[in-house]
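Participant: Listed below, chain by chain, are the residues.
Number of protein chains: 2
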Amino acid sequence: MPKAQSIADEVRRRIVELKWRQGERIPDEAELAVEFDAARATVNKALQVLADEGLLDRKRRAGTRVAINPVSKATFSIPIVREQVEEAGMAYSHRVVAQRLSPVPAQIATRLGLPEGELLVHLRAVHYADGKPYQLEERWLNPRAAPGLQQADLRDLNANEWLVRNAPYLRAEFFFSAENADRRDARLLQTRQGQALLILHRTTWNDLGPITTVRVAFQPGHRFGAGEGRDHAG
Amino acid sequence: MPKAQSIADEVRRRIVELKWRQGERIPDEAELAVEFDAARATVNKALQVLADEGLLDRKRRAGTRVAINPVSKATFSIPIVREQVEEAGMAYSHRVVAQRLSPVPAQIATRLGLPEGELLVHLRAVHYADGKPYQLEERWLNPRAAPGLQQADLRDLNANEWLVRNAPYLRAEFFFSAENADRRDARLLQTRQGQALLILHRTTWNDLGPITTVRVAFQPGHRFGAGEGRDHAG
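Respectively, the protein sequence lines represent chains L and Z.
Each residue of the first sequence is one higher than the one before, starting from 0 at the first, in numbering that gives the first Met the number 0.
Each residue of the second sequence is one higher than the one before, starting from 0 at the first, in numbering that gives the first Met the number 0.
Chain L with its partners taken away, still in its complex shape (with noise of 0.2 Å):
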């Protein structure tokens, strides 16, 4: 839709410059129809791709708004480890250290919204660029959300790529935080106890209940961010 694009281009930069200003209504879809010589669907969906950015406030009746405060909105993507590692020119390998069925912990067990105790199978395996550790993923999974898994041998793909081929998601849930390295972390890691250490808690649902949640633990020192690009929504 490079029309739409193109209006969607102009209404923000009319709104960066402050032509625009916050709380204001801007003209009608009619209006800009006119104004820019395009059909009203075309002109709906130029402002649509800012709704969606944050960038304007549409309401059926009171018409369109520059937002007050606009939440600005990030995507990033969730790498396949093997695939970054290798993309970075290095070359991947990834070791289980353990792999059992085990009573789930309270707290898992919460996430999860499973009773505790209850049976699943407990990962942890670290994973290597150049035979240095790149991360750390301790993982449970649930083989009631992933027929197959108690067959699979993680040994050989790892849970990542296992999981990506075998259990697609329909909802996910992550988050950031940070910990000090423990003495299991620093081991696994070949670094100091006490290390600062970027983690990733991230637990995925299909139809069948819960399938996976995981902590991975980076390398000291690691980055994992993303352009936002307004200029590239829509």
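Rather than coming from a laboratory, the hints here were simulated on the basis of the structure.
Incorrect hints may appear among the rest.
Heads up, simulated SDA-like pairs for lysine to any residue below, C-alpha to C-alpha not over 20 Å straight-line [as the list claims (entries may be wrong)]:
#, chain 1, residue 1, chain 2, residue 2
1, Z, K72, L, A73
2, L, K44, Z, A40
3, L, K72, Z, T74
4, L, K44, Z, Q4
5, Z, K18, L, R164
6, L, K44, Z, T41
7, L, K72, Z, E82
8, L, K2, Z, Q47
9, L, K72, Z, F75
10, L, K72, Z, N205
11, Z, K18, L, R170
12, Z, K72, L, E82
13, L, K72, Z, R214
14, L, K18, Z, R164
15, L, K18, Z, R143
16, L, K44, Z, A50
17, L, K72, Z, A171
18, Z, K44, L, T41
19, L, K18, Z, N205
20, Z, K131, Z, Q83
21, L, K72, Z, W161
22, L, K18, Z, L169
23, Z, K72, L, N165
24, L, K2, Z, K44
The model shown is predicted, which means the values in this text are computed figures rather than measured ones.
Starting from the known structure of chain L, arrange chain Z on it as the hints suggest.
Facilitator: Quick look at chain Z alone, frame taken from chain L:
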């Protein structure tokens, strides 16, 4: 588009239930239009939703296939700190520790694409929730991309809010990392030196150049996250 949404839901269900497996070609638009008793444009819209989610690969001639190694995309909002604190039912306050025109150091200059030593506004501020440190920000602001900045009193309206109202951005980059609190971090966040801190670096640009770059250090234990919600996409 409730019809397109329901078609997208059904196609997503077939992928999640492995009826259509990774790498497989799915029926073409015309066949799906017959099956779902819908217009081809509606089917096209539904498939585009799933392509945007990363579940389908669409190629003009080769048709549509279930994506191999679908990339998970996560979206989160970067909240306005005052609103975040107040929504949690706490009283917000903030204190500007330092605000002065300073020559920009090399590392920050590189990130901004500006010459080292250029004069920018350097700001250090602490945000409090119920009187306890909530986050610490160290910020560089470029007056050339934010006209009016030098006249603004950032002790009253905080920089975050001033920027949101007066300098909308076109492009942004961010990354998360973890750092051990240094002496100043520890003093301003009222924690111990060495405590692991979650750090968010964020830089924004408009047509005039870089607007600002900020290092936000969150209080110890802070979690930053969101739901991904493939089922809500599109």
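Participant: Now, for every hint given, state plainly whether the structure supports it.
Facilitator: Consistency of the hints with the structure:
no.: 1; hint: Z:K72 - L:A73; verdict: holds, 10 Å
no.: 2; hint: L:K44 - Z:A40; verdict: holds, 15 Å
no.: 3; hint: L:K72 - Z:T74; verdict: holds, 7 Å
no.: 4; hint: L:K44 - Z:Q4; verdict: holds, 17 Å
no.: 5; hint: Z:K18 - L:R164; verdict: holds, 12 Å
no.: 6; hint: L:K44 - Z:T41; verdict: holds, 16 Å
no.: 7; hint: L:K72 - Z:E82; verdict: holds, 15 Å
no.: 8; hint: L:K2 - Z:Q47; verdict: holds, 19 Å
no.: 9; hint: L:K72 - Z:F75; verdict: holds, 6 Å
no.: 10; hint: L:K72 - Z:N205; verdict: holds, 16 Å
no.: 11; hint: Z:K18 - L:R170; verdict: holds, 19 Å
no.: 12; hint: Z:K72 - L:E82; verdict: holds, 15 Å
no.: 13; hint: L:K72 - Z:R214; verdict: holds, 18 Å
no.: 14; hint: L:K18 - Z:R164; verdict: holds, 13 Å
no.: 15; hint: L:K18 - Z:R143; verdict: holds, 18 Å
no.: 16; hint: L:K44 - Z:A50; verdict: holds, 19 Å
no.: 17; hint: L:K72 - Z:A171; verdict: holds, 10 Å
no.: 18; hint: Z:K44 - L:T41; verdict: holds, 16 Å
no.: 19; hint: L:K18 - Z:N205; verdict: holds, 14 Å
no.: 20; hint: Z:K131 - Z:Q83; verdict: holds, 14 Å
no.: 21; hint: L:K72 - Z:W161; verdict: holds, 18 Å
no.: 22; hint: L:K18 - Z:L169; verdict: holds, 15 Å
no.: 23; hint: Z:K72 - L:N165; verdict: holds, 18 Å
no.: 24; hint: L:K2 - Z:K44; verdict: holds, 18 Å
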